[in-house]
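Kindly generate the complete structure, drawing on both the sequences and the hints.
Protein chains: 2
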Amino acid sequence: MTEKIARFFEEQRPQTPCLVVDLDVVERNYNDLSEALPDARIYYAVKANPAPEILSLLNRLGSAFDTASVPEIEMVLAAGCTPDRISYGNTIKKEADIRRAFELGVRLFAFDSEAELEKIERAAPGARVFCRILTSGEGAEWPLSRKFGCDLPMARELLLKARDMNVEPWGVSFHVGSQQKDLTQWDIAIAQVAMLFRDLEAHGVDLGMINLGGGFPTRYRSDVPASAAYGEAIFHSLRQHFGNHLPEAIVEPGRGMVGNAGVIESEVVLISRKSANERKRWVYLDIGKFGGLAETMDEAIQYPIETPVDHDEETEPVVLAGPTCDSADVLYEKTEYHLPLSLKVGDRVRIRATGAYTTTYSAVCFNGFSPLQSYCI
Amino acid sequence: MTEKIARFFEEQRPQTPCLVVDLDVVERNYNDLSEALPDARIYYAVKANPAPEILSLLNRLGSAFDTASVPEIEMVLAAGCTPDRISYGNTIKKEADIRRAFELGVRLFAFDSEAELEKIERAAPGARVFCRILTSGEGAEWPLSRKFGCDLPMARELLLKARDMNVEPWGVSFHVGSQQKDLTQWDIAIAQVAMLFRDLEAHGVDLGMINLGGGFPTRYRSDVPASAAYGEAIFHSLRQHFGNHLPEAIVEPGRGMVGNAGVIESEVVLISRKSANERKRWVYLDIGKFGGLAETMDEAIQYPIETPVDHDEETEPVVLAGPTCDSADVLYEKTEYHLPLSLKVGDRVRIRATGAYTTTYSAVCFNGFSPLQSYCI
Numbered sequence: 001m002t003e004k005i006a007r008f009f010e011e012q013r014p015q016t017p018c019l020v021v022d023l024d025v026v027e028r029n030y031n032d033l034s035e036a037l038p039d040a041r042i043y044y045a046v047k048a049n050p051a052p053e054i055l056s057l058l059n060r061l062g063s064a065f066d067t068a069s070v071p072e073i074e075m076v077l078a079a080g081c082t083p084d085r086i087s088y089g090n091t092i093k094k095e096a097d098i099r100r101a102f103e104l105g106v107r108l109f110a111f112d113s114e115a116e117l118e119k120i121e122r123a124a125p126g127a128r129v130f131c132r133i134l135t136s137g138e139g140a141e142w143p144l145s146r147k148f149g150c151d152l153p154m155a156r157e158l159l160l161k162a163r164d165m166n167v168e169p170w171g172v173s174f175h176v177g178s179q180q181k182d183l184t185q186w187d188i189a190i191a192q193v194a195m196l197f198r199d200l201e202a203h204g205v206d207l208g209m210i211n212l213g214g215g216f217p218t219r220y221r222s223d224v225p226a227s228a229a230y231g232e233a234i235f236h237s238l239r240q241h242f243g244n245h246l247p248e249a250i251v252e253p254g255r256g257m258v259g260n261a262g263v264i265e266s267e268v269v270l271i272s273r274k275s276a277n278e279r280k281r282w283v284y285l286d287i288g289k290f291g292g293l294a295e296t297m298d299e300a301i302q303y304p305i306e307t308p309v310d311h312d313e314e315t316e317p318v319v320l321a322g323p324t325c326d327s328a329d330v331l332y333e334k335t336e337y338h339l340p341l342s343l344k345v346g347d348r349v350r351i352r353a354t355g356a357y358t359t360t361y362s363a364v365c366f367n368g369f370s371p372l373q374s375y376c377i
Numbered sequence: 001m002t003e004k005i006a007r008f009f010e011e012q013r014p015q016t017p018c019l020v021v022d023l024d025v026v027e028r029n030y031n032d033l034s035e036a037l038p039d040a041r042i043y044y045a046v047k048a049n050p051a052p053e054i055l056s057l058l059n060r061l062g063s064a065f066d067t068a069s070v071p072e073i074e075m076v077l078a079a080g081c082t083p084d085r086i087s088y089g090n091t092i093k094k095e096a097d098i099r100r101a102f103e104l105g106v107r108l109f110a111f112d113s114e115a116e117l118e119k120i121e122r123a124a125p126g127a128r129v130f131c132r133i134l135t136s137g138e139g140a141e142w143p144l145s146r147k148f149g150c151d152l153p154m155a156r157e158l159l160l161k162a163r164d165m166n167v168e169p170w171g172v173s174f175h176v177g178s179q180q181k182d183l184t185q186w187d188i189a190i191a192q193v194a195m196l197f198r199d200l201e202a203h204g205v206d207l208g209m210i211n212l213g214g215g216f217p218t219r220y221r222s223d224v225p226a227s228a229a230y231g232e233a234i235f236h237s238l239r240q241h242f243g244n245h246l247p248e249a250i251v252e253p254g255r256g257m258v259g260n261a262g263v264i265e266s267e268v269v270l271i272s273r274k275s276a277n278e279r280k281r282w283v284y285l286d287i288g289k290f291g292g293l294a295e296t297m298d299e300a301i302q303y304p305i306e307t308p309v310d311h312d313e314e315t316e317p318v319v320l321a322g323p324t325c326d327s328a329d330v331l332y333e334k335t336e337y338h339l340p341l342s343l344k345v346g347d348r349v350r351i352r353a354t355g356a357y358t359t360t361y362s363a364v365c366f367n368g369f370s371p372l373q374s375y376c377i
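Quick note, the sequences are listed as chains R and B, same order. Position one of the first sequence corresponds to residue 1 (full-length UniProt numbering), numbered consecutively onward. Position one of the second sequence corresponds to residue 1 (full-length UniProt numbering), numbered consecutively onward.
Incorrect hints may appear among the rest.
Pairs count within a copy or across copies, as identical chains cannot be separated in the list.
As the list claims (entries may be wrong) - With a cut-off of at most 20 Å between alpha-carbon atoms, the simulated DMTMM-like pairs for lysine to aspartate or glutamate come out as follows:
| id | residue 1 | residue 2 |
| --- | --- | --- |
| 1 | K280 | E114 |
| 2 | K161 | E118 |
| 3 | K161 | E10 |
| 4 | K161 | E314 |
| 5 | K344 | E118 |
| 6 | K280 | D151 |
| 7 | K344 | E95 |
| 8 | K334 | D298 |
| 9 | K344 | E121 |
| 10 | K344 | E114 |
| 11 | K280 | E95 |
| 12 | K344 | E314 |
| 13 | K181 | D32 |
| 14 | K181 | D298 |
| 15 | K181 | E313 |
| 16 | K181 | D223 |
| 17 | K161 | E201 |
| 18 | K161 | E316 |
| 19 | K334 | D347 |
What the hints contain is simulated information worked out from the structure, not anything from laboratory work.
Set out below in structure tokens:
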């Protein structure tokens, strides 16, 4: 937690629950990643946190943007970005939305299927397209399904097909899975992409771009490799598999750009036991799975939690749960969380590393609770 | 799907995704349940669907209301309900919210812990309180955790304690788990509550109310027992365990009241395969886990899906997924869903039995997508 955020909480005493994002940390993350990957272009994954202040800052720093929908494109344009720095990275788009994006000036589109390619040709003639391939997602903390991407033979077939269509086959993308801590996963994917590049080159398709996706982690309860380590591993891998014929490389950090910049403050609503001799206490917060902490699904993302009595050495294992009447609204039950015995109802706790995938996930008004409030400072 | 809803979709062609609720079905559900449980008072669980039209209708029919928060209490009051028909059924409440509810006239509060009881005494002096006990939730389709309720010995101790406080120990509640299809689960719980009543009576605490909770199911892909069967089982059970000394009984249907009254219309955004020889096709809709179908979490609730080409006998197994860039936004992958081979991009499909737990679950603007639009007709 930065001093700036601590001061904000102290001076403003905002209503809980709320998220506070320190823009200086976002700027530092951007600069660190730019230095670590000097040859790659950064496309910030807007979905991680689309706060206007974050988009404006990153635009000013020269970032490009990876978007998932027309409203996200409009937000990025409103932040002052030009359309040539916007990628429409969702492989699942309505044709009307592709057309709208094209009208707004966007010229870079993702696809992973024949139907999507045909939609792009019709609605965005002449645009650059890149094909997303499937990866295993091994080592990622946020589960990667088979939802996005196609296998290599199909990617090859589709890019060959694109050559004969009114679109420009421009590149290949992959995603190693969000919160990826295994650096070798990039190498595995890059090797496959390089093979595909050479194969297609031999068939007259000269691709210009490799999209390395996101996956850059944020520090939750355990350490993660620094940006520099990622940069080195990726650079080494690109050199090894592409030699001197390096394509343009782009990365799409979301969590890695804003995750550690945010802190949520929440109030303890209740502390109780289910029976006289229960080992674990239940600690209920005023934020839960439906108020912004959706990534606690299956206890995947484990946020660090600070209490005002952390100096107290006597702790007890707890179950952490949200405030709604939904029995699924439990944050951590299997994961061991210990909190001080002296923690009491009304105390404010701080949930760190919550800058990414929180505000936008929060439900409209489940159980009558308002969506997560957020401040960028 | 009712004729009224079908006509609405045809004539209005609303933008997808959207939910349409037929108020006639809600009225029928209310009347069926009232007839099935003539001696029980119905407290509609507002969290299932707080649409003003639904609240007004149920208020007009004479329903009482189970609420989870102050905003829900305010919505119910706005619908014309008097505070004597409102229960603040959440066992996890901020003291300030209890006070606010008390100021608004609410006199019935749930608790399951000593700390909550003390909050109620301070903030709502003299109010009626009921203690929620833990049940196993066996047989329920939507998982019931240990989040709510305490064990019987603790409930006994707390209700004895309440006798000596400035609150009125009024009853006991339980919940057999949402979408409960095993009728014997009510009997198991009612037997325990009756035992507790007799024990407390011997100690001078004369409880007046048993809150049978919700759990009444809605028909998804397979049949569920009719309201009459639930009524009969519960009535029989109450007679058996309480004899002629029947307490006031209340029920809190949510899903059972509005689930089958709603239909979501959604557009097919993309149909694809991940490789040339993949058995399953992927069908991507414009609504997913974060747009209102949160109950597909772990594929728990399995909605029936209608397509415009259901007459086509040739079907293929599909994976169903939502439109966001989130890899967790997959609706059904393990559950077998077969859809017609002739289904195509742009077709509108109808997701039935979606009147409960959809609109309010939808995310504020995840990936830039708007929350689920809803119409009550």
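Hints, one by one, checked against the model:
1. K280 x E114: between (53 Å within a copy, 16 Å between copies)
2. K161 x E118: Only inside one copy: K161 and E118 sit 10 Å apart there, 70 Å across copies, limit 20 Å.
3. K161 x E10: neither (59 Å within a copy, 38 Å between copies)
4. K161 x E314: neither (65 Å within a copy, 29 Å between copies)
5. K344 x E118: This pair counts as between: shortest inter-copy Cα distance 14 Å, intra-copy 59 Å.
6. K280 x D151: between (46 Å within a copy, 14 Å between copies)
7. K344 x E95: Intra 53 Å, inter 13 Å, cutoff 20 Å: inter-copy only.
8. K334 x D298: Both ways: K334 and D298 sit 9 Å apart in one copy and 17 Å across, limit 20 Å.
9. K344 x E121: between (60 Å within a copy, 18 Å between copies)
10. K344 x E114: Between copies only: 13 Å across, 57 Å inside.
11. K280 x E95: neither (52 Å within a copy, 23 Å between copies)
12. K344 x E314: Only inside one copy: K344 and E314 sit 14 Å apart there, 61 Å across copies, limit 20 Å.
13. K181 x D32: Within. Shortest intra-copy distance 17 Å satisfies the 20 Å Cα cut-off; inter-copy 55 Å does not.
14. K181 x D298: The answer is within: 19 Å in one copy meets 20 Å, while 25 Å across copies does not.
15. K181 x E313: Neither: 31 Å inside a copy, 47 Å across copies.
16. K181 x D223: Answer is within: at 9 Å inside a copy they meet the 20 Å cutoff, but 46 Å across does not.
17. K161 x E201: Close inside one copy (14 Å), not across copies (80 Å); limit 20 Å.
18. K161 x E316: For K161 and E316, the Cα distance exceeds 20 Å both inside one copy (61 Å) and across copies (26 Å).
19. K334 x D347: neither (24 Å within a copy, 42 Å between copies)
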